[in-house]
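Protein chains in written order, with this note's numbering: chain A, 1 to 128; chain B, 1 to 148; chain C, 1 to 252.
Heads up, some of the hints might be wrong.
Unchecked claim - If you anchor each label on the Cβ, the simulated ranges turn out as follows:
(1) A/Ile10 x C/Glu29: 43 to 49 Å
(2) C/Ile194 x A/Asp6: 40 to 46 Å
(3) B/Gly105 x C/Glu118: 43 to 49 Å
(4) A/Gly56 x C/Glu29: 40 to 46 Å
(5) C/Pro14 x A/His110: 24 to 30 Å
(6) A/Ala102 x C/Gly201: 21 to 27 Å
(7) A/Ser22 x C/Asp137: 29 to 35 Å
(8) C/Pro90 x A/Arg103: 19 to 25 Å
(9) C/Pro90 x A/Pro65: 43 to 49 Å
(10) C/Phe24 x B/Gly105: 30 to 36 Å
(11) B/His86 x C/Gly222: 33 to 39 Å
(12) A/Asp109 x C/Pro202: 31 to 37 Å
(13) A/Arg103 x B/Arg43: 41 to 47 Å
Stated by the list, open to error - A partial selection of chain B residues facing chain C, derived with a Cβ cut-off under 10 Å:
(14) Pro19
(15) His23
(16) Phe24
What the hints assert, rightly or not - Keeping only pairs whose Cα atoms sit at most 30 Å apart, straight-line, the calculated DSBU-like set for lysine-lysine is:
(17) A/Lys27 x C/Lys205
(18) A/Lys120 x C/Lys47
(19) C/Lys47 x B/Lys74
(20) C/Lys47 x A/Lys123
(21) B/Lys54 x A/Lys120
(22) A/Lys123 x B/Lys143
These are computed hints drawn from the structure, not numbers from a lab.
Heads up, the beta-carbon is just placed ideally off N, CA and C, and yes, glycines get one too.
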Amino acid sequence: MLPQADMNWIKIPAETIRQYTSDLITKGEFRHLSTITGYQDGETICLLYHFLVPQGGLNVRVCVPLANPVLPSISPVLIGAILYEREIQDLLGVRFEGIVDARRVILPDHFPQDVFPLRKDFKKEDLP
Amino acid sequence: MLPQAVLSKIINWSRYTSPWIIHFNAGGCNGCDIETLAALTPRFDVERFGILLKGTPRHADVLVVTGPSNQQIKDRLRRIYDQMPHPKFVVAVGSCAISGGVFRGCYNTQGGMDEVLPVTAYVPGCPPRPDAIIQGIYVLLEKLKKGG
Amino acid sequence: MSEHITLPIGPQHPLLKEPVHFRFTLDGERIVDVDIRLGYNHRGIEKAAEERTYIQDLYMIERICGICSHVHATNFVQATEGVLKTDVPPRALYLRVVVGELERIHSHLLWLGVAGHEIGFDTLFQVVWRDREIVQDLLELITGNRVNYGMNTIGGVRKDLNPAAIEETLKGLKVLEERTNYYAQVVQADSTFIARVSGVGPLPKELAISSCACGPTARGSGVDYDVRRDLPYAAYNEISPPTVAMCWAAHW
Ligand code: SF4
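Please build the complete structure, drawing on both the sequences and the hints.
Printed below as a string of structure tokens:
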């Protein structure tokens, strides 16, 4: 079977993601956050939060505009999300407001600060 | 005092009978690294050739290096190589270290180890079996023997 | 006011097998901060996957990590199959499970050996890795490769199991079971081993959950979580593998 078979997919507004996560935790439904996937879809950047809740997998999608990719960080309520968020911040240039630690983690030190490799307009030829 | 010719013969003999290696992963997938480690364990037992794994480059004669290397690790790799005493040799293990392998063309990799270091022996495979790695080191030892 | 010391570790360090860099900030013996730099190992696989074909991607994604290669490949083929809405033959699903389980065995033995090595118990490292060769042989027998197996493909697997190989595998597993039980006994009885690891770096249950620990790490902290049971993939919905984990750190 495919694991997708017993998964739920929902979409919520980006500003509510921290509240949503802390609600999951206070309700005792939160079991695990596998990772956060990020991708660019035209003029938006979408993030998928892969939760595990008692009923199975729960994928929560939020979208932010490419021009201003900002959303609340969930790391203040769930510290484990921090590496996922930092990775997305490095690779897609999304800003997480209130993130506990925003240092670069994945990209090499010499990599330009304003270039985000997973954006569609990235070309490796442009790298210094 | 022994004559120079005899002395250098003895030095060379000790070099090929007991080369100490240091192992460094320069951004590979770890596949080559576990096979290199496996070569040290009882089934393959590379220690029968007098080979010992060392933790510091200052004790090592041979740098066994895996992975495609990248912009950031390049300088470290160079530094590790510079810290090794003369004469020193580099064995590049795996397709990554030879040409960049499956990661060739990724934005943070290079096209192989010889862009950074002078390589003496290449061991192809993704990853090469431990026996192949042993053979690679053996080829290097043979070279040393002849080069005496 | 306390003085903080910065301690850089990596990318080359005798205790570190991966080229990563940690910058610890210490207050006496207490770690107050750590800065992690993965740029030494970052290759840009994510971007490269966008540029290549699905089949090329499969072989690259298998090489994200050479220790857990089958898992990455399985994830990738499952995602692709989900998009394509392809059915996979049940036998192929079971074969994925077989290779997945053998990979788990090799991976656990690998880390048991490395753990022995890191605490200076090199005998454990050598004997465990000797026995790890048994499972490596089985993986080679089934898939043709020792490390990056190349077993998965989109829509199924690339190799079948014949009766002779099944018999060989069962024989090998029997030996492994015996030996593993013995090692489990050793590490639970050896006083130096216990003295070295018990109470070191305990991860309390709440922290394990909130830091999103998974697998044996989470179970070692008492979190009841196993992806094979809680979010089954391949054929795990039809078999329920027993879940065990123990951890000295959590015991004290
Ligand atoms: S050559 Fe293959 S096995 Fe070795 S590090 Fe590179 S990708 Fe991994």
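Verification of the hints:
Take A/Ile10 and C/Glu29: their Cβ atoms lie about 46 Å apart, and the range 43 to 49 Å holds. A C-beta distance of roughly 41 Å is found between C/Ile194 and A/Asp6, which places it inside the suggested range of 40 to 46 Å. With their beta carbons about 36 Å apart, B/Gly105 and C/Glu118 fall outside the hinted range of 43 to 49 Å. In this structure the hint that A/Gly56 and C/Glu29 lie 40 to 46 Å apart at CB holds, the actual value being about 43 Å.
Look at C/Pro14 against A/His110: about 27 Å separates their beta carbons, and that is inside 24 to 30 Å. Between A/Ala102 and C/Gly201 the CB atoms are about 26 Å apart, so this pair conforms to the stated range of 21 to 27 Å. Taken as a hint, the range 29 to 35 Å is violated for the pair A/Ser22 and C/Asp137, whose Cβ atoms sit roughly 50 Å apart. Checked against the given bound of 19 to 25 Å, the beta carbons of C/Pro90 and A/Arg103, roughly 47 Å apart, lie outside it.
For the pair C/Pro90 and A/Pro65, the beta carbons lie near 45 Å from each other, so the given range of 43 to 49 Å is met. Between C/Phe24 and B/Gly105 the beta carbon distance is about 35 Å. The supplied range of 30 to 36 Å therefore holds. Between B/His86 and C/Gly222 the C-beta distance comes to about 54 Å, which lies outside the given range of 33 to 39 Å. For the pair A/Asp109 and C/Pro202, the beta carbons lie near 33 Å from each other, so the given range of 31 to 37 Å is met.
Checked against the hint of 41 to 47 Å, the pair A/Arg103 and B/Arg43 passes, with Cβ atoms roughly 43 Å apart. Interface hint status for B/Pro19: violated, as the beta-carbon distance to the closest one in chain C is roughly 18 Å, over 10 Å. For B/His23, the interface hint holds, since its Cβ comes within 10 Å of a Cβ in chain C; the closest pair sits about 9 Å apart. A least Cβ separation of about 6 Å between B/Phe24 and chain C falls short of the 10 Å threshold, and the interface hint therefore holds.
With a C-alpha separation of about 18 Å, the suggested pairing of A/Lys27 with C/Lys205 holds against the 30 Å cut-off. This hinted pair checks out: A/Lys120 and C/Lys47 have alpha carbons roughly 9 Å apart, not beyond 30 Å. Between C/Lys47 and B/Lys74 the CA atoms are separated by roughly 21 Å; this keeps the pair inside 30 Å, and the hint holds. For a cut-off of 30 Å, the pair hint linking C/Lys47 to A/Lys123 stands: about 10 Å separates their Cα positions.
Of the supplied pair hints, the one linking B/Lys54 and A/Lys120 is violated, its CA atoms being roughly 45 Å apart against a limit of 30 Å. For the suggested pair A/Lys123 and B/Lys143, the alpha carbons sit about 44 Å apart, so the restraint of at most 30 Å is broken.
In summary, the numbered hints that this structure violates are 3, 7, 8, 11, 14, 21 and 22.
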